[in-house]
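Colleague: Sequence:
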Amino acid sequence: MEVTEKNFSQITQDIKDLATKARNNNKIQEPLYEKYQVKRGLRDLNGKGVLTGLTEISEIVASYTDKDGVSHPCDGKLYYRGIDVENLIAGITSEKRFGFEEATYLLMFGELPNQKQLERFTAMLGDYRQIPPNFVRDIIMKKPSKDIMNALARSVLMLYSYDSRADDVSIPNVVRQSMQLISEFPLLAVYSYQAYKQSTFGGSLIIHEPRPDLSTAENILHLLRPDSEYTKLEAQLLDVALVLHAEHGGGNNSTFTTHVVTSSGTDTYSAVVSSLGSLKGPRHGGANIKVVKMFEDIKEHVKNWEDEDELTSYLDEILHKKAFDKTGLIYGMGHAVYSLSDPRARAFKGYVEKLSKQKGKEDEYRLMTNVERIAAELIAKERKIYKGVSANVDFYSGFAYKMLGLPMELYTPIFAIARISGWSAHRIEELINCGKIIRPAYMNVQDRREYIPLKDR
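When you line the sequence shown up against this note's numbering, it's residues 1 to 457, in that order.
What the hints contain is simulated information worked out from the structure, not anything from laboratory work.
Every value quoted in this text rests on a predicted model; they were computed, and no experiment measured them.
There may be inaccurate statements among the hints.
Computed beta-carbon distance windows for the label pairs [claimed, not checked]:
1. Glu306 / Thr55: 41 to 49 Å
2. Thr12 / Arg120: 54 to 62 Å
3. Ser161 / Glu2: 27 to 35 Å
4. Ile171 / Gln198: 35 to 43 Å
5. Phe201 / Phe109: 36 to 44 Å
6. Tyr36 / Lys455: 14 to 22 Å
7. Thr55 / Leu454: 33 to 41 Å
8. Arg457 / Lys27: 20 to 28 Å
9. Ile171 / Ile438: 49 to 57 Å
10. Asn433 / Arg211: 49 to 57 Å
Derived DSSO-like pairs (lysine-lysine); straight-line CA-CA distance at most 27 Å [as the list claims (entries may be wrong)]:
11. Lys359 / Lys96
12. Lys77 / Lys48
13. Lys27 / Lys39
For glycine and all other residues, C-beta sits at the position ideal for the given N, C-alpha and C.
Sequences are here, hints too, so could you generate the full structure?
Modeller: What follows is the structure, encoded as structure tokens:
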């Protein structure tokens, strides 16, 4: 049926009625989850994840340690292939190098590369950093999307059509596909944003060619900025962000999606798009956007950023659903698994402070550190969280991206540009070890009933 002005109101009402039926007939009573011991979100009552698989790729040392039968909150740790990610970053930066490529090699192939191996791998990524001829014109510019994650997913699906071995799931072919996608993601994301910006706001459309001699972080800034200029510190901070976002255990939503979809035997492009769909969700990849918006609100309503009483009062209003978006959440505070500290936030914070000095944003940085401290105290007092609360990596990443001049539309795509390294590693691991399709059980709680003929309903 064609939607016309005449029948639009009726169709709208029909949709509302159907939505009401959907709500009424799909609500499962909360006590049933406890009765059948269903772990909602695959997490137990203490917030600990239900064990669903094994991995050698990364490890999260999370909320507490057990000593003499008593749980003690502890500082979080994150390991890539058994190596402390904070030590990895410290080692890379002490040698004044960029580290995302090295971290990608470590995650995918299980060991740190030597000089020759790293140079060859980086050169291969540089060679792969290109997209098919006319792809920008025929695909990206054809119908620009305001949501760059959707545009990125569409482009990845279209790349399937350009791959003569798209469905080959042999390990050598998947390694090749993964390396190509890792190299192409910055182009697909930035070009999609440029196309959206030009189609929506007009002005010049500037498409820079990637440079194979630059790191992934440098290429992002080179591709995005009209003059392609950036400082060493800007590129270094973005590189550290990519390293920290590259991987976070097999249980996060998008990486678990990678395992689930890969276990079905599907192609690399479909698996990556499934993970992109997961990461797009505001409960997963979009948290740093919320942090930025929250701080804009705080700066608008708190007149004196140095006045702790005024700041505490407003944060208390946010916590009690009286301010900002009235959800009661202080965004960027707390994490599903970390307690006393998020190692990614610890590693990132120092670089953010350095860039804030370079950009003349020390007052905003001090505001963030004050909010971090006061919010932790307020939340711990109000919510009685068993494992403690601390700032997570999203707390500082949004501020960092803002200082870099990255448009908010690219915040989550930057996350994807990093995380595809982890997804690729987990896809390879699943293909090598997969014996069965991942298919958990769901219990039906609907009563049996008889079919009623249409004339009798």
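Colleague: Work down the list of hints and note, for each, if the structure agrees.
Modeller: Tested hints:
Take Glu306 and Thr55: their Cβ atoms lie about 46 Å apart, and the range 41 to 49 Å holds. Hint check: Thr12 to Arg120, Cβ distance near 59 Å, so the stated range 54 to 62 Å holds. Taking the beta carbon of each, Ser161 and Glu2 are about 32 Å apart, inside 27 to 35 Å as hinted. The beta-carbon spacing between Ile171 and Gln198, approximately 40 Å, falls within the hinted interval of 35 to 43 Å.
Range check, Phe201 to Phe109: Cβ separation about 43 Å, and the 36 to 44 Å hint holds. A C-beta distance of roughly 38 Å is found between Tyr36 and Lys455, which places it outside the suggested range of 14 to 22 Å. As the Cβ distance of Thr55 to Leu454 is approximately 52 Å, the hint placing it in 33 to 41 Å is violated. Between Arg457 and Lys27 the beta carbon distance is about 22 Å. The supplied range of 20 to 28 Å therefore holds.
Between Ile171 and Ile438 the C-beta distance comes to about 19 Å, which lies outside the given range of 49 to 57 Å. One distance hint, 49 to 57 Å for the beta-carbon pair Asn433 and Arg211, is violated here, with the actual separation near 37 Å. Our distance criterion of 27 Å between C-alpha atoms is met by Lys359 and Lys96, whose separation comes to about 21 Å. The straight-line distance between the Cα atoms of Lys77 and Lys48 is roughly 16 Å, inside the 27 Å bound, and the hint therefore holds.
For the suggested pair Lys27 and Lys39, the alpha carbons sit about 17 Å apart, so the restraint of at most 27 Å is met.
The earlier numbered hints that this structure contradicts are 6, 7, 9, 10.
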